[in-house]
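Going down the list, the protein sequences come from chains A and B.
Read in the numbering used here, the first sequence has 246 at position 134, and its numbers run on one by one without any break.
Read in the numbering used here, the second sequence has 1448 at position 133, and its numbers run on one by one without any break.
Hints listed in this document are in silico derivations from the structure and should not be mistaken for laboratory results.
A couple of the hints might just be wrong.
Listed next, the in silico DSS-like pairs over lysine-lysine satisfying Cα-Cα at most 27 Å (straight line) [what the hints assert, rightly or not]:
1) Lys244(A) / Lys1422(B)
2) Lys1373(B) / Lys114(A)
3) Lys1422(B) / Lys246(A)
4) Lys244(A) / Lys1407(B)
5) Lys171(A) / Lys244(A)
6) Lys1363(B) / Lys1376(B)
7) Lys1422(B) / Lys1407(B)
8) Lys244(A) / Lys175(A)
9) Lys117(A) / Lys1373(B)
10) Lys1344(B) / Lys175(A)
11) Lys1375(B) / Lys1344(B)
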Amino acid sequence: MKYFKFLFIGIFFGIVLYKSEAVSWYRIYEMFRFQSFHMYGIIGTAIATGVIFLQISKKQHFKNLLGLEINVPKKEHGFIRYIVGGIIFGLGWALVGACPGPMYILVGAGVYSMIIVILAALLGTLIYGAVKDKLPH
Amino acid sequence: MEYILNPWPWYISGPLIALVMAVLLYFGKTFAMSSNLATMCSMAGAGKFIDFFRSDWKEKKWNLIVILGAFIGGFIAENYLSVETNTNLNLKTIGELNDLGFNKPGKSIVPDELFGFEAITSAHGLFILIIGGILIGFGTRYAGGCTSGHAITGLSSLQKPSLVAVVGFFIGGLIMTHLILPYIL
C-alpha cells in the first residue's frame, strides 16, 4: 500500500509524457533540428514552474510527507563527468529518441522493440559501473 | 474530452511535468528516472562483481514502481486517451525525414524504419537500437542523471553541474542529429 502512491504518480507521468508527444522520436529529431518550439516549450515551462515551486517552497519551508523540509539533493562538484557523460547520453537520446523514462512509457504504448533499448541501457549502466574508477570525473 | 484525446499543448505538459517533480519531492524522493537502471543492475546481483551496484536496492524499490506506473500510463494513454492523430511536425522536418528514407514521419509515435519488425530483425537496425541504449545507460550514469534528474530537477534547483550536463545533452544530440544520423540511416 505504501507503494501505491508511486504507482499512481508513475501512471500520471506516463500519460503526461505520452500525451505531450515528448515520447515521439520525431519530436526529438525536430527539436535537435531547431524546427519546432514544442519540446523547448515543454522543457522550458517545466523548468520555469519547477523554479517557482522550489523558490516558494524554500521561503515557506514546505514540509514533505516525512515532516522534513523539502530538499533537492545537491549534485557533486565536477565538470568532466557532466559534460562528457552528457554528450554520450545526448548521442543516444537523439539516436533512439527516448530517455530513461519514455523508454518504459513507449513499451506500455506498444512499442515492444524498445525493450531492446532498455536491455542495452542496462548493459551501458553495467559497463559504466565496471569502468567507473578508470574514468575522469 | 476532446482536449484530453488530442495531443496536449506544451504549456500544459511542461507544468504537469514540474508537478510530478514536486509530488515526488513531497514523497521525500527525487525525480530522476535514469536511476532505475542502476537499481535493476543491483537487483539482478551486479553488486557481487561491481562495487558501484552494491547497494540496498530494496530502498530504491520505489523508483521501479514509478517506472511500472509509467509503463501502465503509456498503455492507458495509447489505448484509452488518444484518437488517431498525426504528430503536427514542421513541414521542413517531414521533408528532411522523407529524404532520409522515412516514409510516414509523424504518422506514428516512433518510426517503423527504426522500431518496426523489419528493422529489429536486421543486423543494421538491431545495431542502432543497441548502440543507442548503451549510450543512454552509460551516459546517464556517467553524468549522474538524465532529462528528469538534470534538465528538470537540477535546473529547477539552479544547480551548475546540471547546466553543464544539459549543455552536454544538447551537444551530443546535435552531433547525432546533424552529423551522424544522416549517414547511418
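Each hint, compared with the structure:
no.: 1; hint: Lys244(A) / Lys1422(B); verdict: violated, 41 Å
no.: 2; hint: Lys1373(B) / Lys114(A); verdict: holds, 13 Å
no.: 3; hint: Lys1422(B) / Lys246(A); verdict: violated, 45 Å
no.: 4; hint: Lys244(A) / Lys1407(B); verdict: violated, 42 Å
no.: 5; hint: Lys171(A) / Lys244(A); verdict: violated, 38 Å
no.: 6; hint: Lys1363(B) / Lys1376(B); verdict: holds, 19 Å
no.: 7; hint: Lys1422(B) / Lys1407(B); verdict: holds, 15 Å
no.: 8; hint: Lys244(A) / Lys175(A); verdict: violated, 36 Å
no.: 9; hint: Lys117(A) / Lys1373(B); verdict: holds, 17 Å
no.: 10; hint: Lys1344(B) / Lys175(A); verdict: holds, 13 Å
no.: 11; hint: Lys1375(B) / Lys1344(B); verdict: holds, 10 Å
Comparing the model with each earlier hint shows violations of hints 1, 3, 4, 5 and 8; every other hint is respected.
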